[in-house]
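Just so you know, the sequences run in chain order A and B. Mapping of the first sequence onto the numbering used here: position 227 corresponds to residue 323, and the numbering continues sequentially without gaps. Mapping of the second sequence onto the numbering used here: position 37 corresponds to residue 43, and the numbering continues sequentially without gaps.
Among the hints, erroneous ones may be present.
Quick list of in silico lysine to any residue cross-link-like pairs, SDA-like style, CA-CA up to 20 angstroms [what the hints assert, rightly or not]:
#1 LYS448/A - ASP36/B
#2 LYS417/A - PRO169/A
#3 LYS218/A - ASP39/B
#4 LYS326/A - LYS27/B
#5 LYS27/B - VAL224/A
#6 LYS27/B - GLY216/A
#7 LYS326/A - PRO457/A
#8 LYS326/A - PRO17/B
#9 LYS388/A - LYS326/A
#10 LYS448/A - THR50/B
#11 LYS27/B - ARG232/A
#12 LYS388/A - LEU372/A
#13 LYS448/A - ARG434/A
#14 LYS388/A - LYS27/B
#15 LYS388/A - ASN54/B
#16 LYS448/A - PRO38/B
#17 LYS388/A - ASP374/A
#18 LYS417/A - TRP192/A
#19 LYS448/A - VAL40/B
#20 LYS417/A - LEU163/A
Hints in this document: simulated from the structure, not taken from any laboratory.
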Amino acid sequence: MTNLHTLDRARIRELFDLRGPTYALLGGAYHDDPYPTWHRLREEAPVHEGVLHELTGFEGPAMFVGLPEPDRPHFTVFSYEACEAVYRDPEIFAQWPDEVNPAGGELSPVNSMLFMNGPGHKRYRGLVQPSFVPARAQWWIRNWVEEAVHTLIDGFVADGRAELNVDFCAVIPVLTITGSFGIPVERALDVRAAILAPMEIVDIMTPIVESRRTKPQDDLISILVHAEMKDERGEVHRLTDAEVYSFALLLLAAGSGTTWKQMGITLHLLLQRPDLLDEVRKDPEVLRLVIKESLRWMPTDPMFSRYTVVDVDFYGVHMPKGSVVHINLASANRDPARWDRPDEFDIHRSQKPTFAFGSGPHVCLGMHVAFAELTTAIGALLDRLPNLRLDPDAEPPKIIGMYERAATEIPVLFDPGAVR
Amino acid sequence: MGSAQCTVYAPNSFTLDAELKARVLDPSADPPDVLRHAVRACPTGALNFDSDEQEERA
Chain A
97 MTNLHTLDRA RIRELFDLRG PTYALLGGAY HDDPYPTWHR LREEAPVHEG VLHELTGFEG
157 PAMFVGLPEP DRPHFTVFSY EACEAVYRDP EIFAQWPDEV NPAGGELSPV NSMLFMNGPG
217 HKRYRGLVQP SFVPARAQWW IRNWVEEAVH TLIDGFVADG RAELNVDFCA VIPVLTITGS
277 FGIPVERALD VRAAILAPME IVDIMTPIVE SRRTKPQDDL ISILVHAEMK DERGEVHRLT
337 DAEVYSFALL LLAAGSGTTW KQMGITLHLL LQRPDLLDEV RKDPEVLRLV IKESLRWMPT
397 DPMFSRYTVV DVDFYGVHMP KGSVVHINLA SANRDPARWD RPDEFDIHRS QKPTFAFGSG
457 PHVCLGMHVA FAELTTAIGA LLDRLPNLRL DPDAEPPKII GMYERAATEI PVLFDPGAVR
Chain B
7 MGSAQCTVYA PNSFTLDAEL KARVLDPSAD PPDVLRHAVR ACPTGALNFD SDEQEERA
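Just chain B, with the same shape it has in the complex (with noise of 0.2 angstroms):
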């Protein structure tokens, strides 16, 4: 939805693209917790954690 909470908790490891949509920039650029903390600011629930990649899903 673009809400941008991602990139207010991890502004190192998160970014919009031009439809607003979260993109990781580099998962290992902020600490576990925060990384946890902007997860869990996704006003939607769109972002999870996959312990291997750390991929998101937007």
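For reference, chain A alone in the conformation it holds in the complex (with noise of 0.2 angstroms):
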């Protein structure tokens, strides 16, 4: 990866500053901390009609799956309790109102396992399952992460001083996924850019799934060509170019959109706590609690929403068939009902699951995968970056964001070093 000269700073910014054009529509406008709002709406009760951003008092823009469905009813869900019953129970709780089929119809993500229900999700989830597992982390840190992670501070530890948001942690997980499709280095950033743009990942891919169908590989690509796949008929053939250009823009998207953002929260977290941040560099089991209680205390992306396919009344409220039901995991991860003293960032307090990587037959594919990049990449950093702290005459960080939430820039200073 000694071409990451190509990436290019300022379209790296353009496309991931919380602040700028790219996440305006998802609520970055928004700069408050809503915990309190979801607090009280909480104690007031466990599910609210209305749609997440305007009971916490913001008007928007903010954009996210299962918005704005103008013509639907919209519930949003705040309780522990009541989001688990939401997430465990598919068969009221839909993924997506409509048939979703990779084989076919429009090349869009939305045309993806991501919004399938049922029998059909669980076989293309299946497929990809096995790459994702822990006992597949060495694979991914080996391959993709490591390199991403060294390559990146080598650029600027001899500087004694950098900005880690955009300039670390928003490159990693692009690289590590785009590495896994096979995307050479200078395409990555494309791939990001055109997450909305179908056709123009499909040109990068082609000749790369071509590639593959001949002359496998040791990555993630290699392993969806020649995936093979018992359909309801119980017949068994190969994805066609649909389903993997389907998953290719699924994983990429996904890949690239959110582990970034929860290696920003996590680092403001401990450069605001030297202490932690001592105990990390003592022993490196402090950090993987540290990410667990970050994932927990400040989940990147605090909603993710389900369609009533019934008629239902849950917790008291009525809900039409067809109703949106918004799911505030972030305001679950701090439910008072479950944790003590929620707000408090405590690497102590008993592990007990969270909803950050949501639940139910959707939850997180990439979660382990996102969890080595995150223990790798910090842990990269202060390995290899003594006396790392926050540049106190920069503005400090600040988390914002509504339905995507990151800091805004990680100023920092240490004490200079080598390249590798």
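Reassemble the complex: the two chains are provided individually, in unrelated frames, and hints are given to aid placement.
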């Protein structure tokens, strides 16, 4: 990955800065702390009629999956117990209201397994699940994560200062996932820029898919191209081009979109706690606890949605068939019925499951890879940048955003070191 | 489904087999509250406590 210099810093900023155009429609203009309002709403009732950002007092724009859907009733769920009930009952709370068929239909991230229900989803997910289990974490780290992390650090290690959020965090997941799809570094940002323009990604992927068909390599795209799937009639077949591209669009978007923001949130938490930073330096196991607690305390994507397939009475609220149900998982993660002192960032609290990666049959496919990226990247920063600290003369980082939350910037100083 | 959540929460008690189904290694290898977290963490609710055997159903 020596050609990392081909990445254009200004373009990275344009694509990833929460304050920039990319995130403006996703609620980038929201700069407040939503948690006090969410506590109040949860105390009033576990389920409210309405859309999360409006209930939070933010008029928008704030788009996300499940929005705006102006012709449907909307409900938002705030308590851990009620969120769990939605996640665990996909027969009532479906992932998507319409039939999805990646083998046909329009090419888009929506026409993918993310929006399928029941056995169809299970068949598709089963093809990639083996590549995303914890036992495969080292495969991801060795093949893609480490190289990206250390090459990026080489780029600023001698300077004694860096901006970590966009210049470091944002780049690692996009290079990891594009690398696993065989996409060269110089096209990585093109992929991110084209997330909503599927044909451009297909143009990039076509020669790669063709070459992997005849000559598989040790990467995810080779696994997809050669995967065999049993259809509903029990017949085994290889994935069609349309199915491969559907996977590519979904995994490239999901893989490059979330982990970097959680990395910045975790770094921002650590850098504001020098004592904790020292603990992590002494014992790498502490870093795992920090990451887990960061995922509970502030998951980067606070809300995902489901659609009711029947009329349902739920926690005292009547939801007609076809309603959109927004799961405020970030609120659930601070439900005082489940956690003492829920607003306190405490790495020593009991390791109860959280909804940082969702739950139910659509629980985050990439969660173990995300965890591997977070530990590898933050661990390498602490190893290679002695005396790492926030730049006291720069504006301190702030977490902003409604449906995609992330740090503004993370300007740091450290003792200059050597390139590998 | 092979989410492997149980192996994260109770790594001494659970493993995934070749078909990515959860299997119990040794139900006494983790403390009871750790086991409880592992069972609740299962995204599809596929794990259940059986107080006599602590056997799982995947």
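Agreement of LYS448/A and VAL40/B with the hint, judged by alpha carbon distance not exceeding 20 angstroms:
8 angstroms, holds
Worksheet entry | Agreement of LYS326/A and PRO457/A with the hint, judged by alpha carbon distance not exceeding 20 angstroms | Holds - the C-alpha atoms of PRO457/A and LYS326/A are around 19 angstroms apart, at most 20 angstroms.
- Task: For the pair supplied as a hint, LYS27/B and ARG232/A, confirm whether the alpha-carbon distance does not exceed 20 angstroms.
- Result: This hinted pair holds, its Cα atoms lying about 16 angstroms apart.
Note to self: Next pair to validate is LYS218/A with ASP39/B; report whether the Cα-Cα distance is within 20 angstroms.
What the structure shows: 30 angstroms, violated
LYS448/A paired with ASP36/B [C-alpha distance capped at 20 angstroms]: Holds, because 14 angstroms separates the two Cα atoms, which is no more than 20 angstroms.
Margin query: Run the distance test for LYS27/B versus GLY216/A: straight-line Cα separation, threshold 20 angstroms.
Written below: 19 angstroms, holds
Is the Cα-Cα distance between LYS448/A and ARG434/A 20 angstroms or less? At roughly 9 angstroms apart (the allowed maximum being 20 angstroms), ARG434/A and LYS448/A satisfy the hint.
Is the Cα-Cα distance between LYS448/A and PRO38/B 20 angstroms or less? Between LYS448/A and PRO38/B the Cα gap is close to 13 angstroms, so the pair holds against 20 angstroms.
Would the hint linking LYS388/A and ASN54/B be met if the CA-CA limit is 20 angstroms? 24 angstroms, violated
- Task: Below or equal to 20 angstroms on CA atoms is what counts here, so check LYS417/A against LEU163/A.
- Result: 17 angstroms, holds
**Asked** Is the Cα-Cα distance between LYS27/B and VAL224/A 20 angstroms or less?
**Response** Holds - the C-alpha atoms of VAL224/A and LYS27/B are around 15 angstroms apart, at most 20 angstroms.
_Just to be careful, I want the Cα atoms of LYS448/A and THR50/B compared with a cutoff of 20 angstroms; is the pair within it?_
16 angstroms, holds
Consistency with the previously given hints fails for numbers 3, 8, 9, 14 and 15, ordered from lowest to highest.
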